[in-house]
Amino acid sequence: MRWDLVLRGGDVLDPARPGGPRRADVAIARGRIAGVGPGLTAEPAAAGAQTIDVSGRLVTPGLVDLHTHVYAGATYWGIDPDPTAWHSGVTTWVDAGSAGAFTYPAFDRDLRRYTVDVPVLLNISAVGLAASTGESRALENCDVDLAVATARAFGDRVRGFKVRVDRHAVGPSGLEPLRRAIEAGEACGLPVMVHIGAAPPTLGEILPLLRAGDIVTHCASGIAAAALPGGLDPAAKEAYASGVVFDIGHGSGGFAFDILEAQLAAGLKPHTVSSDLHARSLHGPVFDLPTTMAKMLAVGWPLAEVVAAATRRPAEVLGLDAGTLAVGASADLAVVEIVEEPWTVADVHGQVRTAPVRLVNEATYRAGRRLPARLPEPPAPWIPLTDAQRAALAARDSAVRAMMTRPLVNPDELAEQFPRTGG
Numbered sequence: 055m056r057w058d059l060v061l062r063g064g065d066v067l068d069p070a071r072p073g074g075p076r077r078a079d080v081a082i083a084r085g086r087i088a089g090v091g092p093g094l095t096a097e098p099a100a101a102g103a104q105t106i107d108v109s110g111r112l113v114t115p116g117l118v119d120l121h122t123h124v125y126a127g128a129t130y131w132g133i134d135p136d137p138t139a140w141h142s143g144v145t146t147w148v149d150a151g152s153a154g155a156f157t158y159p160a161f162d163r164d165l166r167r168y169t170v171d172v173p174v175l176l177n178i179s180a181v182g183l184a185a186s187t188g189e190s191r192a193l194e195n196c197d198v199d200l201a202v203a204t205a206r207a208f209g210d211r212v213r214g215f216k217v218r219v220d221r222h223a224v225g226p227s228g229l230e231p232l233r234r235a236i237e238a239g240e241a242c243g244l245p246v247m248v249h250i251g252a253a254p255p256t257l258g259e260i261l262p263l264l265r266a267g268d269i270v271t272h273c274a275s276g277i278a279a280a281a282l283p284g285g286l287d288p289a290a291k292e293a294y295a296s297g298v299v300f301d302i303g304h305g306s307g308g309f310a311f312d313i314l315e316a317q318l319a320a321g322l323k324p325h326t327v328s329s330d331l332h333a334r335s336l337h338g339p340v341f342d343l344p345t346t347m348a349k350m351l352a353v354g355w356p357l358a359e360v361v362a363a364a365t366r367r368p369a370e371v372l373g374l375d376a377g378t379l380a381v382g383a384s385a386d387l388a389v390v391e392i393v394e395e396p397w398t399v400a401d402v403h404g405q406v407r408t409a410p411v412r413l414v415n416e417a418t419y420r421a422g423r424r425l426p427a428r429l430p431e432p433p434a435p436w437i438p439l440t441d442a443q444r445a446a447l448a449a450r451d452s453a454v455r456a457m458m459t460r461p462l463v464n465p466d467e468l469a470e471q472f473p474r475t476g477g
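The numbering used here puts the first residue of the sequence shown at 55, with every later residue one more than the last.
Please note that a few of the clues may not be correct.
Derived Cβ-Cβ restraints for the label pairs, each shown as a range [as the list claims (entries may be wrong)]:
hint: 1; residue 1: 128; residue 2: 423; range: 21 to 29 Å
hint: 2; residue 1: 96; residue 2: 70; range: 23 to 31 Å
hint: 3; residue 1: 373; residue 2: 254; range: 40 to 48 Å
hint: 4; residue 1: 373; residue 2: 320; range: 28 to 36 Å
hint: 5; residue 1: 456; residue 2: 186; range: 29 to 37 Å
hint: 6; residue 1: 291; residue 2: 233; range: 19 to 27 Å
hint: 7; residue 1: 56; residue 2: 312; range: 52 to 60 Å
hint: 8; residue 1: 356; residue 2: 258; range: 31 to 39 Å
EDC-like, lysine to aspartate or glutamate: derived pairs with alpha carbons at most 16 Å apart [what the hints assert, rightly or not]:
hint: 9; residue 1: 323; residue 2: 312
hint: 10; residue 1: 291; residue 2: 240
hint: 11; residue 1: 291; residue 2: 315
hint: 12; residue 1: 291; residue 2: 259
hint: 13; residue 1: 323; residue 2: 287
hint: 14; residue 1: 323; residue 2: 359
Rather than coming from a laboratory, the hints here were simulated on the basis of the structure. A virtual CB, placed ideally from N, CA and C, is assigned to each residue, including glycine.
Between the sequences and the hints, there should be enough to build the whole structure, so can you do that?
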């Protein structure tokens, strides 16, 4: 088989392979990884293939974001992933509960227009996230049989269930929506992702209900842990030891540096790094998954571990064909410039730390095709933006329009033209 594309001379980091980055070529044929190793451009199969020199760049599997919201145009939180995917390296966007049983069939049809892959966690509430919160306050919306039937009908895309458990989302329903989500998960053999936030219910009530393989997102949330010394509940250690997956889920209110540092000191390093990218976090404080990854670097995580936590590990949690550069895998790749300079990054509370480098995506490939530059839609009218954010968005639109006329993007220019639009 002749190859279609060879990325030549990059520093290839595949978390599925022992060791750090290695200088190698990556060959792609028919949307799949055809080979990884040195000197592939000299192979007979490379004859006629497009060859792109990526020397001096880090080449990783396409990033797998375990927590996003991409039901654009039908929910409070939803965004179109494509205008961010092309300059972030994220090729797999797990939608975490935007749709429930009432709304999922339309969402499934909508997903076909995206260039990225979107596995789904079905909301236990049949109404999903059409509004900002309150989806599980009425227990009649949390119909287990209906959720199970929907998950089974769309089993090629639905990979688990999602439930938000905080006082705003559940109100008087308390822990019952979580119990119902777990019941649906057990019926389908699928994991449950639980959002934690302002109590009640408390972490001490939520975490003991979770099974090995279930996911607690916003695990370093200052809101959920504010009343506890050091930000840690004793139930957290027990859940971690039992096999519950701890996910960052940054979002607009779900990440605090001091809580994360307390968890790290206690030996509870999160398993996965996700952005919780949505309409309220896209313009700050999250911006994208590479920025969230840089925040992990700022608290001392090695680069290889951060990449694994945003590729292989989330793919394993949901059993996805993603997060690897193994021969035969989908040719989803990120080409990244490592900018060697200190970079100040902030959490949702304004606490700052300094990352040793910036991760600037130069190109994103999905199934072997480079994603083109895309202009984002204007923010929804209910999304509050500062004057500085609006000015930065106008500058970004102008920069993207200019980039769309050129086949290649200079990473230094990309970093310069995509200013951060808020804290």
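Consistency of the hints with the structure:
1. 128 x 423: 21 to 29 Å: holds (27 Å)
2. 96 x 70: 23 to 31 Å: holds (25 Å)
3. 373 x 254: 40 to 48 Å: This hint is violated: roughly 33 Å between Cβ atoms.
4. 373 x 320: 28 to 36 Å: holds (29 Å)
5. 456 x 186: 29 to 37 Å: holds (35 Å)
6. 291 x 233: 19 to 27 Å: holds (23 Å)
7. 56 x 312: 52 to 60 Å: Given a distance of about 54 Å, which is inside 52 to 60 Å, the answer is holds.
8. 356 x 258: 31 to 39 Å: holds (32 Å)
9. 323 x 312: Within the cut-off at roughly 13 Å; holds.
10. 291 x 240: violated (23 Å)
11. 291 x 315: holds (15 Å)
12. 291 x 259: Roughly 14 Å between the alpha carbons, so the hint for residue 291 and residue 259 holds.
13. 323 x 287: This hinted pair holds, its Cα atoms lying about 15 Å apart.
14. 323 x 359: Answer holds: residue 323 to residue 359 is near 11 Å, not above 16 Å.
The structure fails hints 3 and 10 (numbered hints given earlier, in ascending order).
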